[in-house]
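Trainee: All chains should be built: construct the whole structure from the sequences, respecting the hints.
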Amino acid sequence: MISKEELRQLYEKDKLTTFQISEKIGCCQTTIWKKLKEYDIKPRLPGVKRVEISKEKLEELYLGRKLSTWKMEKMLNIPRGTIHRKMKEFGISTRDLSESHIIHPKKDFSGNLLEKAYLIGFRIGDLGVRKIYPNSRTICVASGSTIKEQIELINSLFNTYAKVWISKPKNNKINIQVSLNESFNFLISKEYPQWIENDRNTFFSFLAGFTDAEGNISINQNMDYYGLGNYNKKILFNIYKNLNTFGIKCRKPTQDNRKGKTNSQGYKYNSNYWALRIQNKSNLLQLLLELKPHIKHKQKVKALNNAISNIQDRNNGIYKWKKTSSI
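This note's numbering puts the first residue of the sequence shown at 3, with every later residue one more than the last.
You can trust all of the hints, since none of them are fake.
Derived pair list, reagent style SDA-like, types lysine to any residue, alpha-carbon separation capped at 20 Å:
no. : residue 1 : residue 2
1   : LYS109    : ILE190
2   : LYS133    : LEU182
3   : LYS300    : GLU154
4   : LYS109    : TYR163
5   : LYS165    : CYS142
Now the in silico label distances, taken between C-beta atoms and shown as ranges:
no. : residue 1 : residue 2 : range
6   : LYS76     : ALA277    : 54 to 62 Å
7   : SER112    : GLY146    : 21 to 29 Å
8   : ILE168    : GLU58     : 36 to 44 Å
9   : SER112    : ASN246    : 25 to 33 Å
Hint data in this document are derived by calculation from the structure and do not stem from the laboratory. Every residue, glycine too, gets a C-beta built ideally from N, C-alpha and C.
Mentor: Okay, structure coming up:
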């Protein structure tokens, strides 16, 4: 560690800043400040050395380029204390903690209600969403999957708004994460959004997002099938109610009594699972046609189109699906 004599030479005689000294000897700047106090070396007063820097230059670096005062100290060879003092003199407001840690730019949500409904449906089914800390202005969205198309879909949903991080595969699983701004606050809640019921399109866009995350569209022995499952009973019953309201008749969701049981991976279920199923071909065809404009998952788009084609063929007396097809 740096000796008192060496520190006095660098700081008092060579007039280096604490940042320059920390860079020179390979430690953090806080350590240098502690050593100044320990060795009873008086810190230089702000303003002893006249600094010529314009308001425009500070605004360009701090507001325009979003540089931290740490980086500005290194670039300008001016102590951070002086930079802060000059910013105060010029009336340049400092960024809060959240803004100061934003490395990549983030765009506001588009405001499109169909997109919003889809994202909420998908979030309830497959996304973890949280604030990094209570007063954070950053919304962290994360998920993981062994299915490549699922990762590709999540990337496509958010990559126009912020930089998306995707991990390398580990045990065939890929993790994905993105940090969004506060315009995505609507993704934090996992509650069913009542406003989607005001319009047919917003409801089916929501259901498409939920289907892309949790749904199953399949053909088994020439029979077409739609299934949707979740642990949230309330959400599935709301979907059931609205499907019937929009003329798609289906039975009430059924319960799988798995609470307290343990699966093959040793995971213990904390609650029962609920499932909604539709097999009647006329109601199923109507549902698939409603979902078709909104479904985005590549595999499910393919499964949906196969099922629509199969129902139409069956209506025309054509039977071609013998093997099970399920996605």
